[in-house]
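Chemist: Sequence:
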Amino acid sequence: MSATVSTPPPAASGSTTGPDAGARRAVLRRFAANRVALVAAVVVGLLILVALAAPLLAALEGQDPTSFHDNLIDSARGGAPIGAFGGISGDHWLGVEPTTGRDLFARVVYGAQVSLGVAIGATVLQVVLGLVFGLAAGLGGYVVDGVLGRFIDLILAFPGLVFSIALLAIVPSSFPRPVLLVVVLGVLGWAGVARIVRGQSLTLRESDYVAASRLAGAHPVRVARREILPGLAAPVLTYAALLLPGNVVAEAALSFLGIGVRPPTSSWGQMLSNATTWFRGDPAYILIPAGLLFLTVLVFTLVGDGLRTALDPRSKARVQGRSAT
Numbered sequence: 000m001s002a003t004v005s006t007p008p009p010a011a012s013g014s015t016t017g018p019d020a021g022a023r024r025a026v027l028r029r030f031a032a033n034r035v036a037l038v039a040a041v042v043v044g045l046l047i048l049v050a051l052a053a054p055l056l057a058a059l060e061g062q063d064p065t066s067f068h069d070n071l072i073d074s075a076r077g078g079a080p081i082g083a084f085g086g087i088s089g090d091h092w093l094g095v096e097p098t099t100g101r102d103l104f105a106r107v108v109y110g111a112q113v114s115l116g117v118a119i120g121a122t123v124l125q126v127v128l129g130l131v132f133g134l135a136a137g138l139g140g141y142v143v144d145g146v147l148g149r150f151i152d153l154i155l156a157f158p159g160l161v162f163s164i165a166l167l168a169i170v171p172s173s174f175p176r177p178v179l180l181v182v183v184l185g186v187l188g189w190a191g192v193a194r195i196v197r198g199q200s201l202t203l204r205e206s207d208y209v210a211a212s213r214l215a216g217a218h219p220v221r222v223a224r225r226e227i228l229p230g231l232a233a234p235v236l237t238y239a240a241l242l243l244p245g246n247v248v249a250e251a252a253l254s255f256l257g258i259g260v261r262p263p264t265s266s267w268g269q270m271l272s273n274a275t276t277w278f279r280g281d282p283a284y285i286l287i288p289a290g291l292l293f294l295t296v297l298v299f300t301l302v303g304d305g306l307r308t309a310l311d312p313r314s315k316a317r318v319q320g321r322s323a324t
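As numbered in numbering that gives the first Met the number 0, the sequence shown has no gaps in its residue numbers, which increase by one up to the final residue, 324.
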C-alpha cells in the first residue's frame, strides 16, 4: 500500500524539539472540526475498547468462545443453528456458529482482539523499522543512502503476499500465529514508511536549525532524535493511520486462506473463511464479521484522512483550489 503524504515544515517555536503546545492544540481543533473524522475516531475507540474488554463482555453474556452447544444445532439441516437469525436469543446475543454451536458474540469480541491486535502490532513494527532504515538512509551519507535506498526499493518490489503465504505455511503450528502474523506483516511492510522517512530526512537535514545543531557538535543520533524526528511526526502518523486498515485486511485475508489464525483461536478473517458455505443457510454468520471488517477499515481510513488534513491544512486548501478551477 502506498500513499502520498505531504509534510508541513516544523513549527517555529524558538525550540528545535518540535511543535509547542499551541500547535498541538491547533491540530486537535482542526481534527475536531472534521465531524466525519471525529465520529470515526469515536468508533475506533469503541472497537479498541470492545477488544480490550472481550473477556468481560463474554462473561457478561455468560458464554465463552470455545464451548460447543450441540443442542442448538439442527443436524437434519447439516448443522445449521436452530432458530431465526442464526439462533439469536437472550443467552446468545448474536446466535451460534453453524456445525459447532459456539457462541458467536464471544467469538466476535475475542476475534476483535486478534484482528486489531495483529493490525496494530504490525503497524507499530512497520513504523519502527521504517524510521530506523529511513533515518539511516537519509542521514548516513552518499554510500549508506545508496545501499539502503536500493534495499528499500527491493523490499517494495518484493512479492510480500506470496512470501507470507509460503512462510506461514511452513512455520510449525506450535508458534503463536498472531505473533507470527505481526512479524511477517511488519517485516514485509516497512519499506513504504522508510521511503517517506528517507525523503523527508534528506529535506530536513538541509534546514538551518539542523545545520546549526551539527556545527555545534551534536551527535548524529541526537540530531535525528531532537531535530529530524519532530518534523517526521506528521507524515509518519498519517501513513501509519493508512497502513493500519491495510493490515486489518491482510490479517483477514491470510486467515481466510487458512494460513493465518487457526481454530480454536478466533479472528474475523477466520470466521469469514468458515462462513463461506453458510451464506445462504445462515447469512448472519457471514454478515457479522464481514460488516465489522468493513466498518473497521472505513473508520481507520477516515481517521487517517482527518489526521492528514489536521496536520497539514494546506492539503485541503490545495484540493479545494483544484476543485474551484
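Misleading hints may appear alongside valid ones.
Unchecked claim - Each pair of labels, with its calculated beta carbon distance range:
1. R76 / G44: 38 to 46 Å
2. A58 / I81: 20 to 28 Å
3. E205 / G145: 13 to 21 Å
4. R213 / T275: 22 to 30 Å
5. V38 / E205: 39 to 47 Å
6. D63 / E205: 53 to 61 Å
7. P158 / A58: 23 to 31 Å
8. P171 / A210: 29 to 37 Å
9. A75 / L48: 39 to 47 Å
10. A215 / A20: 42 to 50 Å
11. L51 / V178: 48 to 56 Å
It should be emphasised that the hints constitute simulated quantities derived from the structure, not laboratory data. Keep in mind that this is a model prediction, so the values were computed, not measured. For every residue, glycine included, the Cβ atom is placed at its ideal position computed from N, Cα and C.
Chemist: Is it true that the C-beta distance of P171 to A210 lies inside 29 to 37 Å, as the hint says?
Modeler: Roughly 52 Å apart at Cβ, these two residues miss the hinted range, so it is violated.
Chemist: Kindly confirm whether 39 to 47 Å is satisfied by the beta carbon distance between A75 and L48.
Modeler: With Cβ atoms ~41 Å apart, the hint holds.
Chemist: With respect to the beta-carbon atoms only, verify the hint that P158 and A58 lie 23 to 31 Å apart.
Modeler: violated, 43 Å
Chemist: Could you say whether the range 42 to 50 Å given as a hint is met by the Cβ separation of A215 and A20?
Modeler: Violated, at about 26 Å.
Chemist: Evaluate the given range 22 to 30 Å for the C-beta pair formed by R213 and T275.
Modeler: This hint is violated: roughly 59 Å between Cβ atoms.
Chemist: Holds or violated: 13 to 21 Å for the Cβ distance of E205 and G145?
Modeler: holds, 18 Å
Chemist: Within 38 to 46 Å: is that where the Cβ-Cβ distance between R76 and G44 falls?
Modeler: About 40 Å separates the Cβ atoms of R76 and G44, which means 38 to 46 Å holds.
Chemist: Is it true that L51 and V178 lie within 48 to 56 Å of each other by Cβ?
Modeler: Since the Cβ atoms of L51 and V178 sit about 18 Å apart, the hinted range of 48 to 56 Å is violated.
Chemist: I want to verify a distance hint. Is the separation of the beta carbons of D63 and E205 within 53 to 61 Å?
Modeler: Once the Cβ atoms are compared, 58 Å apart, the range 53 to 61 Å for E205 and D63 holds.
Chemist: Holds or violated: 20 to 28 Å for the Cβ distance of A58 and I81?
Modeler: holds, 24 Å
Chemist: Within 39 to 47 Å or not, the Cβ separation of V38 and E205?
Modeler: holds, 40 Å
In this structure, the earlier hints numbered 4, 7, 8, 10 and 11 are contradicted, and the remaining ones agree with it.
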